[in-house]
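Chains as they are written, first to last, in our numbering: chain A, 1 to 257; chain B, 1 to 385.
Since the hints were made in silico from the structure, they are not lab data.
Ideal Cβ positions, reconstructed from N, Cα and C, are used throughout, including at glycine.
There could be a bad hint or two in this list.
Claimed, not checked - A few chain A residues that don't get close to chain B, going by computed Cβ distances all over 10 Å:
no., residue
1, Ser65
2, Asp79
3, Arg83
4, Asp136
5, Asp179
What the hints assert, rightly or not - Taking lysine to aspartate or glutamate and the EDC-like style, the derived pairs with C-alpha atoms no more than 20 Å apart in a straight line are:
no., chain 1, residue 1, chain 2, residue 2
6, B, Lys262, A, Glu95
7, A, Lys58, B, Asp198
8, A, Lys58, B, Glu332
9, B, Lys262, A, Glu146
10, B, Lys224, B, Asp198
Residue strings, one per chain:
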Amino acid sequence: MATLEIKDLHVSVVSEDAPKEILKGVDLTIKAGETHAIMGPNGSGKSTLSYAIAGHPKYEITSGSVTLDGEDVLEMSVDERARAGLFLAMQYPVEVPGVSMSNFLRTAATAVRGEAPNLRHWVKEVKGAMADLDIDPAFAERSVNEGFSGGEKKRHEILQLGLLKPKVAILDETDSGLDVDALRVVSEGVNRYKASGDVGVMLITHYTRILKYIEPDFVHVFANGRIVESGGRELADQLENEGYVKYTGKAEAASLS
Amino acid sequence: MAALSTQPHSHGAVVPVTSRAEHFTSYDVEAFEVPGGREEIWRFTPLKRLAGLHSGAAATGSAAVEVNAAAGVTVETVGRDDERLGKAGVPGDRIAAQAYSSFEDATVVTLPGDAKSEPTTVTVTGAGAGSVAYGHVLVKASQFAEGTVVLDYRGSGAYAENVEFLVADGAHLQVIAIHDWADDAVHVSQHHVKLGRDASIKHTVVTLGGDVVRITPVVQYAGKGGDAELQGLYFADAGQHQEHRPFIDHSQPNCRSNVTYKGALQGEGAHTVWIGDVLIRVAAEGTETFELNRNLVLTDGARADSVPNLEIETGEIEGAGHASATGRFDDEQLFYLQARGIPEEQARRLVVRGFFQELIAKIAVPEVRERLEAAIEAELEAVGA
Numbered sequence: 001m002a003t004l005e006i007k008d009l010h011v012s013v014v015s016e017d018a019p020k021e022i023l024k025g026v027d028l029t030i031k032a033g034e035t036h037a038i039m040g041p042n043g044s045g046k047s048t049l050s051y052a053i054a055g056h057p058k059y060e061i062t063s064g065s066v067t068l069d070g071e072d073v074l075e076m077s078v079d080e081r082a083r084a085g086l087f088l089a090m091q092y093p094v095e096v097p098g099v100s101m102s103n104f105l106r107t108a109a110t111a112v113r114g115e116a117p118n119l120r121h122w123v124k125e126v127k128g129a130m131a132d133l134d135i136d137p138a139f140a141e142r143s144v145n146e147g148f149s150g151g152e153k154k155r156h157e158i159l160q161l162g163l164l165k166p167k168v169a170i171l172d173e174t175d176s177g178l179d180v181d182a183l184r185v186v187s188e189g190v191n192r193y194k195a196s197g198d199v200g201v202m203l204i205t206h207y208t209r210i211l212k213y214i215e216p217d218f219v220h221v222f223a224n225g226r227i228v229e230s231g232g233r234e235l236a237d238q239l240e241n242e243g244y245v246k247y248t249g250k251a252e253a254a255s256l257s
Numbered sequence: 001m002a003a004l005s006t007q008p009h010s011h012g013a014v015v016p017v018t019s020r021a022e023h024f025t026s027y028d029v030e031a032f033e034v035p036g037g038r039e040e041i042w043r044f045t046p047l048k049r050l051a052g053l054h055s056g057a058a059a060t061g062s063a064a065v066e067v068n069a070a071a072g073v074t075v076e077t078v079g080r081d082d083e084r085l086g087k088a089g090v091p092g093d094r095i096a097a098q099a100y101s102s103f104e105d106a107t108v109v110t111l112p113g114d115a116k117s118e119p120t121t122v123t124v125t126g127a128g129a130g131s132v133a134y135g136h137v138l139v140k141a142s143q144f145a146e147g148t149v150v151l152d153y154r155g156s157g158a159y160a161e162n163v164e165f166l167v168a169d170g171a172h173l174q175v176i177a178i179h180d181w182a183d184d185a186v187h188v189s190q191h192h193v194k195l196g197r198d199a200s201i202k203h204t205v206v207t208l209g210g211d212v213v214r215i216t217p218v219v220q221y222a223g224k225g226g227d228a229e230l231q232g233l234y235f236a237d238a239g240q241h242q243e244h245r246p247f248i249d250h251s252q253p254n255c256r257s258n259v260t261y262k263g264a265l266q267g268e269g270a271h272t273v274w275i276g277d278v279l280i281r282v283a284a285e286g287t288e289t290f291e292l293n294r295n296l297v298l299t300d301g302a303r304a305d306s307v308p309n310l311e312i313e314t315g316e317i318e319g320a321g322h323a324s325a326t327g328r329f330d331d332e333q334l335f336y337l338q339a340r341g342i343p344e345e346q347a348r349r350l351v352v353r354g355f356f357q358e359l360i361a362k363i364a365v366p367e368v369r370e371r372l373e374a375a376i377e378a379e380l381e382a383v384g385a
């Protein structure tokens, strides 16, 4: 049973000026089988939380701890974290020119699984996973994310989620910029991953609409660098109706209507 | 790719001090001053390491030229008085003129007209460490010829030459020049391309070895509809100086050119220079041109100079542009690959291979592609990147 435990996490962003504290004491525990929605207004630090857990060099952990099944995540390099079972579906996936998607996926799967996947099974596995997400097989020969639309990038993030099978997945605004069809396809991909085993999901979102497709067990409101309120599904419904004004002092909708 | 400096312009943003049109050329070495190092065309080049090629060094040996010709392709060794020589262009600096004044015999490779021929390889082996040699090669693609010539440079010594490519009307020539010299070699070469009406050239320069390598490819158009695709791939290690100075001289209407050079640098004192000149003369209406140079600096202590120059003398063009970017590894790319479990070292290799991939993919000879992929792999092994 995988457990991601975040305790009193303080994180600053490294910039040319003085470092700026973004996360101001985050406490959160995600156990296998649980889906936690992290909801918050723009600039509240949601994305910083995801990047800090994944180990992006731009963010500096000033205090606190992050452990995965008791192992100190903060001591690990970025790739070690991924191999330990963490996955971050990024809000803005990066383009890597000249590296084909198929080569990238196979290299990543080899690294995470600890051995090269059997070629015949692998080809079948990738084809099936791409078909599940309505991805044209031609994408396998294109450079990683290069020239992909926003929706295509997000589908490929979820494709990687399905193939790399992490213990805990952090989805950073995977719903942003998706049209209705793409949102459904991507959400189904996340639900397949959830159904595939004892896995934990941290679903970071600004809007409630993805929660119509992915059922959260817990909802946390994130504001000013920390979790300010936690609850169940009903908290999302409340945000849907009232927005974030209660937490930020200014009106910002959590629904699109 | 994050860049330390980028200079994307539309056109005309960089105007050289003197027009490329007034650039001096001559077959006679004595018509040129011995360069002192401050001249615009020499200021990046380490003259002290040129073994006297720029200051009148006499030949002490000769490079061995071996041609593996495809069926239908003729190969001749001719004297310096052969009247076919010198037609593709005039030497544009003192070393090219020195080579033109000094070579004893020339190799002439002729691709048959109205026919498609398999790749022909010309292997040039330096005369040996401490030697000075001069040479001359002429590649003629006859009317409506279609074929590939690989120039393969190996060995030691100082070697200066002119290489001519006369591409007749409607001919399509692919050229791949691979500079895979030994560590001591000094190589200064001017390539003269002359394109006939509706002729095309795909010209690839690969520079891996040598102490100092300076290549100046010049493209001229003899008729309408010419198409020049120039690409370059270089990898400089500690102490190596690699200089590429492509010049496209658009003097005819409705011609096209596209220049893409990419380089990687690693190690103390690795130095690359790219000077990309494009001149669109008054008569060259309907010209379409773009030039690009990208450099990937892999370690501290390496330096890439990149200067695109675009001169436009007519407003009646299809399009003209240039871009230059020199950067370190893109941290975001590394983060993305590592976030998928790929170890840092492997992620770096993927990024470098990817950087060169678009150029390698365009090389039509599979053996050359494989050789280049292996060479890049070996370079990366060497630095442990």
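Straight-line alpha-carbon gap Lys58(A) to Glu332(B), limit 20 Å: 10 Å, holds
Verify the proposed pairing of Lys262(B) with Glu146(A), using a straight-line Cα cut of 20 Å. 19 Å, holds
Over 10 Å from every CB of chain B: does Arg83(A) meet that, or does the non-interface label fail? 5 Å, violated
Closest CB-CB distance from Asp136(A) to chain B, is it above 10 Å? 21 Å, holds
Taking 20 Å as the top limit, are the C-alpha atoms of Lys58(A) and Asp198(B) close enough? 53 Å, violated
Distal placement of Asp79(A) relative to chain B, Cβ over 10 Å: Nearest chain B Cβ is 4 Å from Asp79(A), so the label is violated.
When you check the alpha-carbon spacing of Lys224(B) and Asp198(B), does it fall within 20 Å? 6 Å, holds
When you check the alpha-carbon spacing of Lys262(B) and Glu95(A), does it fall within 20 Å? 18 Å, holds
10 Å cut-off, C-beta based - Ser65(A) kept clear of every residue in chain B: Correct as stated: the minimum Cβ-Cβ distance to chain B is 20 Å, above 10 Å.
10 Å cut-off, C-beta based - Asp179(A) kept clear of every residue in chain B: About 24 Å separates Asp179(A) from the closest Cβ of chain B, which puts it past 10 Å; holds.
Consistency with the previously given hints fails for numbers 2, 3 and 7, ordered from lowest to highest.
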